[in-house]
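*Asks:* Below, each chain spelled out in residue letters.
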Amino acid sequence: MARMNMIQAINSAMDVAMGRDPKVVVFGEDVGYFGGVFRCTAGLQKKYGKQRCFDAPISEGGILGAAVGMGVYGLRPVVEIQFADYIYPAFDQLVSEAARLRYRSAGGFTAPLTVRTPCGGGIFGGQTHSQSPEAIFTHVCGLTTVMPSNPYDAKGLLLAAIEDDDPVIFFEPKRIYNGPFDGHHDRPLTPWSKHELGEVPEEYYTVPLGKAKILRPGEKVTVIAYGTMVHVCLAAAEESGVDAEVIDLRSLLPLDLDTLVESVKKTGRCVVVHEATKTCGYGAELVSLIQEHCFYHLEAPIERVTGWDTPYPHAYEWDYFPGPKRVAQALKKVLED
Amino acid sequence: MARMNMIQAINSAMDVAMGRDPKVVVFGEDVGYFGGVFRCTAGLQKKYGKQRCFDAPISEGGILGAAVGMGVYGLRPVVEIQFADYIYPAFDQLVSEAARLRYRSAGGFTAPLTVRTPCGGGIFGGQTHSQSPEAIFTHVCGLTTVMPSNPYDAKGLLLAAIEDDDPVIFFEPKRIYNGPFDGHHDRPLTPWSKHELGEVPEEYYTVPLGKAKILRPGEKVTVIAYGTMVHVCLAAAEESGVDAEVIDLRSLLPLDLDTLVESVKKTGRCVVVHEATKTCGYGAELVSLIQEHCFYHLEAPIERVTGWDTPYPHAYEWDYFPGPKRVAQALKKVLED
Amino acid sequence: MSRAPLQLHIPEPKARPGGVTDFSGLRIPPAGVLARPAVDAPSEQLRDYAYGLIRVLDDQGRAVGDWDPKLDADTLRLGLRHMLLTREFDERMVKLQRQGKTSFYIKCTGEEAVAVAQAMALDAGDMLFPSYRQQGLLVARGCPLVRLMNQIFSNTRDPLKGRQLPIMYSEPDYGFFSISGNLGTQYPQAVGWAMASAYSGDTRIAAAWVGDGTTAEADFHYALTFATVYQAPVVLNVVNNQWAISSFQGIAGGERTTFAARAVGYGLPALRVDGNDFLAVYAATAWAAERARSNHGATLIELYTYRAAPHSTSDDPAGYRPADEASLWPLGDPVERLKQHLISLGEWDEQRHATLLAELAEEVMSQLKEATSYGTLGNPPPNDPGSMFEDVLKEIPGRLVMQREQMLALREGN
Amino acid sequence: MSRAPLQLHIPEPKARPGGVTDFSGLRIPPAGVLARPAVDAPSEQLRDYAYGLIRVLDDQGRAVGDWDPKLDADTLRLGLRHMLLTREFDERMVKLQRQGKTSFYIKCTGEEAVAVAQAMALDAGDMLFPSYRQQGLLVARGCPLVRLMNQIFSNTRDPLKGRQLPIMYSEPDYGFFSISGNLGTQYPQAVGWAMASAYSGDTRIAAAWVGDGTTAEADFHYALTFATVYQAPVVLNVVNNQWAISSFQGIAGGERTTFAARAVGYGLPALRVDGNDFLAVYAATAWAAERARSNHGATLIELYTYRAAPHSTSDDPAGYRPADEASLWPLGDPVERLKQHLISLGEWDEQRHATLLAELAEEVMSQLKEATSYGTLGNPPPNDPGSMFEDVLKEIPGRLVMQREQMLALREGN
Ligand SMILES: Cc1ncc(C[n+]2csc(CCOP(=O)(O)OP(=O)(O)O)c2C)c(N)n1
Ligand SMILES: Cc1ncc(C[n+]2csc(CCOP(=O)(O)OP(=O)(O)O)c2C)c(N)n1
Ligand SMILES: [Mg+2]
Ligand SMILES: [Mg+2]
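Chains as they are written, first to last, in UniProt numbering: chain A, 1 to 337; chain B, 1 to 337; chain C, 1 to 414; chain D, 1 to 414.
The hints are simulated quantities; they were obtained by calculation from the structure and are not laboratory data. Errors might be hidden in some of the hints.
As a list, the in silico BS3-like pairs of lysine-lysine whose alpha-carbon atoms are at most 30 Å apart [stated by the list, open to error]: (1) A:LYS333 with B:LYS194; (2) A:LYS23 with C:LYS394; (3) A:LYS266 with B:LYS265; (4) C:LYS95 with C:LYS369; (5) B:LYS194 with B:LYS213; (6) B:LYS265 with A:LYS332; (7) B:LYS266 with A:LYS332; (8) A:LYS333 with A:LYS266; (9) B:LYS325 with B:LYS194; (10) A:LYS213 with A:LYS46; (11) B:LYS266 with B:LYS211; (12) B:LYS265 with A:LYS333; (13) A:LYS50 with A:LYS213; (14) B:LYS265 with B:LYS332; (15) A:LYS47 with D:LYS394; (16) D:LYS394 with B:LYS23; (17) B:LYS266 with A:LYS265; (18) B:LYS325 with B:LYS211; (19) A:LYS213 with C:LYS394; (20) B:LYS23 with B:LYS211; (21) D:LYS394 with A:LYS50; (22) B:LYS265 with B:LYS194; (23) A:LYS46 with D:LYS394; (24) B:LYS46 with B:LYS211; (25) B:LYS213 with D:LYS14.
Stretch by stretch, here's where chain A covers chain C in the computed footprint (C-beta under 8 Å, at least three residues) [to be verified]: (26) 56-64; (27) 148-161; (28) 195-201; (29) 221-230; (30) 238-246; (31) 334-344; (32) 348-359.
Yeah, the Cβ is synthetic: ideal placement off N, Cα and C, and Gly gets one too.
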């Protein structure tokens, strides 16, 4: 099996999808000849021609509007928004159009598009290259929201997203493009090539949307995370010595609630972790669902470990980023409570 | 004291604000000569001149962009977005700009603007004249989010919003513009003129942002709501005979957490109600905070009664709208649990 | 350098209620004066068309000049029929709205030539991305009125299952895209559809419509940008009916230039057309369609017309414009003008006209009878609330299955 | 009618790495040929300026024609100094970025005339809404470089308290608006500021900058729409430096017309200017400023230039354009051209130039010394993390007070 980092795995997913289905087209800012500022589309234009992988005007709303129209025609557009922070200008086309089209036309028209976008901090990108806006999409019915934590899942989920007949927002935590960053910014990064989830088949496969994965089984507390935070949580569990069960959601919506409920019923305690700001983050929904479904099993309040309710401050990146120490503290807290 | 409906109270707030401060300007689609499609700005252009209350192009993003610039200059723009459903095109200017300007400039520049926008359903407006998108704003740090439930509060909160030195989103539940609609769509609506909260002083006063109000004291269960749902909850409490304490948030962010926590600690049970879709709605944040702060006092899972996770369907309006029956059912459920 | 105080300019229409609108300042060139350029003419050579006004029917109802599409009498009569049917349908629906049979309606009175002539000039396979005021497209494409009525009444046969506000049609079988409540979003979508068609080596083009007011939305800019960059085969129409609810077109930026001129800014050709002149609209649309279909890219057409109707049944224009403004509109009424043209050709007369009107009224009534047999708004109440959980996604997700159960249980409980 | 298959057009630049860019097709009119119109000329009479190119400095370095702003030698030398200082500053900062003293930097090499000449042509009180490539505005307005360095280093004196990406300056005291990471948002904000100034009867105008690529954003359209509707006193600049990261200007819609032409579509005047010609930039800006200040509304200026630098320190243009493209740019280098002009006037020589360069290098170094004494990125680590909770709102809200406590406790715990 090949070793790939997340960039290569994502690139491979698009390559495989384009090879299988001429309806798949890829476009976005700088994705054509250059292959994307993070190189995720490198080589695709050369291989499939400039009509199938091309640069778009700096116009996120236009990119989404055009993608909806292409989807209506029958294509499967896969568009890149250069940074998740720049998805806001496309918000109306995503929320009022892509997400609502099937419903309002009673199935007469659909928008089977995929939006790929790098998210999250930890790269000294400052407040407009570090955001994690997933919760504003999970509030919108009609959208599917995915965030992988490793190359294997990234490829399989992206292929599943492209094949999905409804719009999917595919968040790529850019801090783990090259390796499973665990929040220890002062230590060297292990590259994916040294990690088992860096083993990625060259060929086609999918990872189903809506299935979480237990990455570390445990008995005392359930830790729910996605994206970069999965690795932070694994480190926190390891370092704190807490017998924590760490679950990687992989797909936020659809949500694999059963897996979560089963785990929390077993452990009786739960910590929810994300990098996005706390208030009304996706963690709030997770907490709500778990208290609803596991109320009588809970032995302590569910803790949220998240980004603070401020923009992402450039120089205070590591005071902002919810690192392993904060997660470990929360693990201990729920055990003490 | 004068009797006003919510439209008149909102109009009066702007009138008073404009009278007191020449820096207050009002604009938006159809708000000038015509006075707004809901008549909230009626008479203001005539009274203050067309430079102070004027029509804007159909360009929600442009309206917000211009308002930010005016705020930077030193004015206090009050803009109307004709329906909350049409706020999405302005999302980037609201989230990346208005909300972040003070922070990113370290206080050097600010955007003291107010966005007024009618929200909510119950008027057969279909999916694009019925939405309640408050939760996508409460997730954004830097924004203040307000939703009044009656004329008195509407005027006082709007004046407070206009005076606030940061951007405020002021949601107007259009279903209660004329009277306190309690969800019984088959019964005649009581007009505000027959309601004590329809008594509104003509002159200046403010209702502080961030203070909830207990509208109905009770011992058995705490009901948290805002906007139209406040009246639905009052009706549900009345009709179910449940000894419920009904709290009107008035301001979602800042949130008056103390009042909520105190109440839930007393009652041990809680129902959270809103009209917006459930998943990642503001209710999720309320549930999370309450389970965090009142865990050991809770005797049953906190229930959420919300709009379903679908767009607002025109003909099935009353199957969608969370009416008093659904709320009453939830009240009984938490008591039984 | 001048240091006088700056002043803020706020545009104002020519007249307000109580006043009299003076349209004499409008520059309306005579019919027939503009030449019809080659469809592959470079856009730089076409700039003047953004400032002129293509007109074919002259004041005597004769078709004159280069742009005369030379339609045969049957086609003209069909156009007249479609326009009259559209008008009759509008009138009837407004009456029903007043009777509470539906919550809402939007008329296109005075603008019938736009949708009808454009639908006729386009191919049947071309994809239409309309706003809410082009019901004439569906009439001209032969969509049964009963389908539209079923949607308007949200009845048991509503093709949109009661989900949409009345008149927000979606008719895939008639190449008519789902109307959006959010203004303008269909514009870049049409461009994307056209790009997809070009990518696929198809021969079908797209067409889209927005109003003058809607040109101020981002989507207008997105569409023109993408259309020029990728030479998308699309006809982009701006229906300048002078009003956007209560705002006159100066508030959308129409004071200082034409809406057609927007296209010039992107290097796209624009045709400015007398929107009440059936022949001119037909000819301009045919030109733009041919240009697009032969890989010369997009054209913007400004259809210069007047919104004779209120904005919608929720609106009363008496609050913001002189009551008689429509009747003073110097370009007349599209139906009347086509009728006079046919009469002047000897292909029509008052008698036949009266017969046709009666026939159309009958047609509307008979379809209405059928539609009302399936119900009107809330009468009987729509009977499949569970369906509201369908089509959010292709498969109903687990949480919606649960919500549906909850909702149905609650209903039963009554 | 043709029924050949449609084709999707994807624009391509003249050359890619390994190739040679042939600029001979560019239509570059000689200097001095365009007349300078009256500042109150109606926009219809100014359309040609959107397609021409205002040039003052001819190939011999002489100032020719109507647009010559007739600046005295001191002013010219000051302009040269500002441009050179900007360039020196850029070079030094890139070196420091390579040394890891900051995470990021953006140069404006080859575009110095844009910001410097424009700042000099505007009044000190005018409000500037820049993009990230107009550091020359701050240099020309006399903002101490040490302030910019402090921001770049996120050090203890960082005026933005470590919150912003390097070079995202915000300098209220110099009338320089907070740079946004989201492209283009400042454009309608500048219009709003200008509207507020006009509303207030002020005499100050606004100016804003975006790149060629950014014209495709919604905010560009919003700005032009609002500017034309309300006749806002604003100068809207498009810096067409041919590239937007790796995308050439054809991807932004520059293949079929100029960016200046966009303004024509809104009935606004546009001036297309040789952006590497200090005198032309100065003159065009002065004209637009005077027009705005005398209540004749907005002007769009397209500054035709070339991004000689990589997009940023994160970018390597070798991946998408020929390495020597900058040196082939037919409009030369703005610094070199102004220098030659001064020499040809007998107001400058190589000796003085060398002395000035040394002086500026010294100035940069001495300010750098001061700045580094306050720290560079992470060295020492910034020492007031609690401050990250300030300025989210005017008053720190309760929940942030709690989060701050939590954060500080966690830090202590280490
Ligand atoms: C994004 C958005 N903003 C505002 C509205 C409310 N609205 C509906 S129609 C309309 C006026 C549109 O005017 P115009 O584009 O000229 O079309 P016309 O009604 O004249 O055909 C407005 C403001 C909306 N539907 N969508
Ligand atoms: C809304 C948004 N989309 C995308 C980006 C990423 N981005 C930063 S600079 C840039 C290119 C801008 O090109 P141009 O406007 O020509 O300015 P230049 O860099 O040439 O000065 C892009 C795409 C962004 N910052 N904001
Ligand atoms: Mg209109
Ligand atoms: Mg550029």
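*Asks:* With reference to the structure, classify each hint as holding or not holding.
*Replies:* The hints, checked one at a time:
{"no.": "1", "hint": "A:LYS333 with B:LYS194", "in the structure": "52 Å, violated"}
{"no.": "2", "hint": "A:LYS23 with C:LYS394", "in the structure": "19 Å, holds"}
{"no.": "3", "hint": "A:LYS266 with B:LYS265", "in the structure": "27 Å, holds"}
{"no.": "4", "hint": "C:LYS95 with C:LYS369", "in the structure": "14 Å, holds"}
{"no.": "5", "hint": "B:LYS194 with B:LYS213", "in the structure": "21 Å, holds"}
{"no.": "6", "hint": "B:LYS265 with A:LYS332", "in the structure": "25 Å, holds"}
{"no.": "7", "hint": "B:LYS266 with A:LYS332", "in the structure": "29 Å, holds"}
{"no.": "8", "hint": "A:LYS333 with A:LYS266", "in the structure": "18 Å, holds"}
{"no.": "9", "hint": "B:LYS325 with B:LYS194", "in the structure": "24 Å, holds"}
{"no.": "10", "hint": "A:LYS213 with A:LYS46", "in the structure": "36 Å, violated"}
{"no.": "11", "hint": "B:LYS266 with B:LYS211", "in the structure": "19 Å, holds"}
{"no.": "12", "hint": "B:LYS265 with A:LYS333", "in the structure": "21 Å, holds"}
{"no.": "13", "hint": "A:LYS50 with A:LYS213", "in the structure": "38 Å, violated"}
{"no.": "14", "hint": "B:LYS265 with B:LYS332", "in the structure": "18 Å, holds"}
{"no.": "15", "hint": "A:LYS47 with D:LYS394", "in the structure": "53 Å, violated"}
{"no.": "16", "hint": "D:LYS394 with B:LYS23", "in the structure": "19 Å, holds"}
{"no.": "17", "hint": "B:LYS266 with A:LYS265", "in the structure": "27 Å, holds"}
{"no.": "18", "hint": "B:LYS325 with B:LYS211", "in the structure": "28 Å, holds"}
{"no.": "19", "hint": "A:LYS213 with C:LYS394", "in the structure": "24 Å, holds"}
{"no.": "20", "hint": "B:LYS23 with B:LYS211", "in the structure": "27 Å, holds"}
{"no.": "21", "hint": "D:LYS394 with A:LYS50", "in the structure": "50 Å, violated"}
{"no.": "22", "hint": "B:LYS265 with B:LYS194", "in the structure": "35 Å, violated"}
{"no.": "23", "hint": "A:LYS46 with D:LYS394", "in the structure": "52 Å, violated"}
{"no.": "24", "hint": "B:LYS46 with B:LYS211", "in the structure": "35 Å, violated"}
{"no.": "25", "hint": "B:LYS213 with D:LYS14", "in the structure": "67 Å, violated"}
{"no.": "26", "hint": "56-64", "in the structure": "violated (count 0)"}
{"no.": "27", "hint": "148-161", "in the structure": "holds (count 3)"}
{"no.": "28", "hint": "195-201", "in the structure": "holds (count 5)"}
{"no.": "29", "hint": "221-230", "in the structure": "holds (count 6)"}
{"no.": "30", "hint": "238-246", "in the structure": "violated (count 0)"}
{"no.": "31", "hint": "334-344", "in the structure": "violated (count 0)"}
{"no.": "32", "hint": "348-359", "in the structure": "violated (count 0)"}
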